[in-house]
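Fit chain B to the known structure of chain A by using the hints.
Here the protein sequences line up with chains A and B, keeping their order.
So that you can map any letter, position 62 of the first sequence is 206 in my numbering, and since no number is skipped, the others follow by simple counting.
So that you can map any letter, position 65 of the second sequence is 209 in my numbering, and since no number is skipped, the others follow by simple counting.
Don't read these hints as lab results, they were simulated from the structure.
These numbers were taken from a predicted model, which means no experiment stands behind them.
It is possible that part of the hints are untrue.
Claimed, not checked - Straight-line C-alpha distance at most 30 angstroms; calculated DSBU-like pairs for lysine-lysine:
#1 B:K147 x A:K229
#2 B:K229 x A:K259
#3 B:K249 x A:K266
#4 A:K190 x B:K147
#5 B:K270 x A:K259
#6 B:K249 x A:K270
#7 B:K188 x A:K249
#8 A:K270 x B:K188
#9 A:K249 x B:K270
#10 A:K270 x B:K177
#11 B:K156 x A:K177
#12 A:K229 x A:K177
#13 A:K229 x B:K177
#14 A:K147 x B:K188
#15 A:K243 x B:K229
#16 B:K147 x A:K177
#17 A:K259 x B:K243
#18 B:K156 x A:K190
#19 A:K156 x B:K270
#20 A:K147 x B:K190
As the list claims (entries may be wrong) - Facing chain A, from chain B, some residues (calculated, C-beta under 10 angstroms):
#21 D176
#22 Y179
#23 Y208
Where a beta carbon is used, it is the ideal one built from N, C-alpha and C, also for glycine.
Listed below, chain by chain, are the residues.
2 protein chains.
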Amino acid sequence: MNKIELFNNFEKELKFSVTIEVYNTFQLCSGDKNYLHTDEEFAKAKGFRERVMYGNILNTFLSYSIGMALPTPDVMIQTQDIQYKRPVFLNDELTMNIKVDEIHKSVNVVQFVYKFFNQENKVVAKGHVQIGVFES
Amino acid sequence: MNKIELFNNFEKELKFSVTIEVYNTFQLCSGDKNYLHTDEEFAKAKGFRERVMYGNILNTFLSYSIGMALPTPDVMIQTQDIQYKRPVFLNDELTMNIKVDEIHKSVNVVQFVYKFFNQENKVVAKGHVQIGVFES
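Same shape as in the complex, but just chain A (with noise of 0.2 angstroms):
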């Protein structure tokens, strides 16, 4: 069987939570720290509760959606997009939904649609990721 062949109406759920390490170590990485993020004052004057999260932290979930838990490993990353909704916040539980939404088996491509959603279960991001899928 080709690898591919395991995205056949592929769809998983995934849990990621915003914590304190995941804030530090995407502020180490990325060397943002743009008020809005780091400056309680800042961002309540910009109409936010409390600090924003890096939208990119979601990047960092999509990579590990991708590298770890599709049904094969052999991937890679070709193309991807995002929209933010809503404002993520410090210690927010999110829910990833990531689901097959075309196949390309010529050219060993598969593109997948995904929403991340909030506790409160509202969207605060979606997208697509188009993915090679390495055969040998």
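Leaving out everything else, chain B in the frame of chain A:
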């Protein structure tokens, strides 16, 4: 002057080094230990000269660029996309070119196009990012 006026004809080049610290902090943040990024023999078996860096490391650099390198820090990412064109390896020295593509003053939105080049001046990734500008 409205802050959005600061983006007229904005274009910038930024340098990013894919250091072992960047790699390690990304791995801690994401929890992604896919073999392509962690196992040299696996990466070689897939046709790469060594471990391939996580594509989403580039999105942490994008977070920096938007958060720290624009004419005002009073911004927030709304949408972004990326296409990966070539693998990035440990210790690559990347140059990012980011420039304004469209400005929509009535809704305080700026759209950028960006490209990442490696030290051989080859495009490794490119995409778009849309931000909202806080006018107050």
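query = Can you give the numbers of the hints that this structure goes against, from lowest to highest?
reply = Of the numbered hints, just 8 does not hold.
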